[in-house]
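Student: Line by line, the protein sequences give chains A and B.
One gets the working numbering by counting positions in the first sequence from 1 and adding 9 to each.
One gets the working numbering by counting positions in the second sequence from 1 and adding 2 to each.
Treat the hints as calculated values from the structure; they're not laboratory data.
Cβ coordinates follow ideal geometry from the N, Cα and C atoms, glycine included.
The reader is advised that the hints may include incorrect statements.
Unchecked claim - Between beta-carbon pairs, the in silico distance windows are:
1. 20(B) <-> 47(A): 29 to 37 Å
2. 90(A) <-> 73(B): 36 to 44 Å
3. 73(B) <-> 77(A): 14 to 22 Å
4. 101(B) <-> 50(A): 21 to 29 Å
5. 43(B) <-> 80(A): 48 to 56 Å
6. 80(A) <-> 48(B): 45 to 53 Å
7. 90(A) <-> 101(B): 29 to 37 Å
8. 31(A) <-> 16(B): 36 to 44 Å
To be verified - Where chain A lies over chain B, by a calculated footprint (3+ residues, C-beta under 8 Å):
9. 45-58
10. 72-85
Stated by the list, open to error - Calculated Cβ distances over 12 Å to all of chain B for the following chain A residues:
11. 24
12. 27
13. 28
14. 31
15. 37
16. 64
17. 71
18. 74
19. 81
20. 92
21. 124
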Amino acid sequence: EAEVAQSPRYKITEKSQAVAFWCDPISGHATLYWYRQILGQGPELLVQFQDESVVDDSQLPKDRFSAERLKGVDSTLKIQPAELGDSAMYLCASSLGLAGNYEQYFGPGTRLTVT
Amino acid sequence: GESVGLHLPTLSVQEGDNSIINCAYSNSASDYFIWYKQESGKGPQFIIDIRSNMDKRQGQRVTVLLNKTVKHLSLQIAATQPGDSAVYFCAENSYPGGGADGLTFGKGTHLIIQP
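Just need the whole structure built from these sequences, with the hints factored in.
Tutor: Structure, rendered in structure tokens:
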């Protein structure tokens, strides 16, 4: 069964350092999402891509976070500089199209710890 | 702001009993609702969904009920098994426009199965 791949699975970094996460969606999925999940809470949307275009980045802290999906396939989420409050699980999800018609499939996430 | 939330943080049930997990939402424009299951260290896994033009939908051992009058969603799990132990999230999508369809998640209910 096809799955969303994410790497690394765990990342420890010091505050003020740069960190990047990678996501490879299920083949053929046009829509890709990045969510952040703080421990004990539900995921929160950071950014949504449709192919290579950003559809929604209204919740992305643009002063330190950036995301790209240059070829409309895999995607990278970057944080620079990292802050203590960025410690969380970063989840990537993908779907064939709009979630109202297509299920969102989540990857295993990247657990980020900022020290 | 508008949000999706859950009534109880933890629910403990006996193996073999039925479980009911509740969710209240406040966005009357929400059109699509989903229940996700998240096991420790994994990404959320789709369980079942329901659109706003329905009030009940059944899957394998699971049933979702939607009461739009009181903005309430519930997940019923029949004959609960040890493998059902996880955190359960309700999520909603109100499609704010422009193709944006990221999900809004509640805080989650931790389902504990007693032997």
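Student: All the hints need checking, so say for each whether the structure fits it.
Tutor: Status of the hints after comparison with the structure:
no.: 1; hint: 20(B) <-> 47(A): 29 to 37 Å; in the structure: 31 Å, holds
no.: 2; hint: 90(A) <-> 73(B): 36 to 44 Å; in the structure: 41 Å, holds
no.: 3; hint: 73(B) <-> 77(A): 14 to 22 Å; in the structure: 37 Å, violated
no.: 4; hint: 101(B) <-> 50(A): 21 to 29 Å; in the structure: 26 Å, holds
no.: 5; hint: 43(B) <-> 80(A): 48 to 56 Å; in the structure: 30 Å, violated
no.: 6; hint: 80(A) <-> 48(B): 45 to 53 Å; in the structure: 27 Å, violated
no.: 7; hint: 90(A) <-> 101(B): 29 to 37 Å; in the structure: 31 Å, holds
no.: 8; hint: 31(A) <-> 16(B): 36 to 44 Å; in the structure: 43 Å, holds
no.: 9; hint: 45-58; in the structure: holds (count 6)
no.: 10; hint: 72-85; in the structure: violated (count 0)
no.: 11; hint: 24; in the structure: 24 Å, holds
no.: 12; hint: 27; in the structure: 24 Å, holds
no.: 13; hint: 28; in the structure: 19 Å, holds
no.: 14; hint: 31; in the structure: 15 Å, holds
no.: 15; hint: 37; in the structure: 17 Å, holds
no.: 16; hint: 64; in the structure: 5 Å, violated
no.: 17; hint: 71; in the structure: 16 Å, holds
no.: 18; hint: 74; in the structure: 15 Å, holds
no.: 19; hint: 81; in the structure: 15 Å, holds
no.: 20; hint: 92; in the structure: 23 Å, holds
no.: 21; hint: 124; in the structure: 20 Å, holds
Of the numbered hints listed earlier, those contradicted by the structure are 3, 5, 6, 10 and 16.
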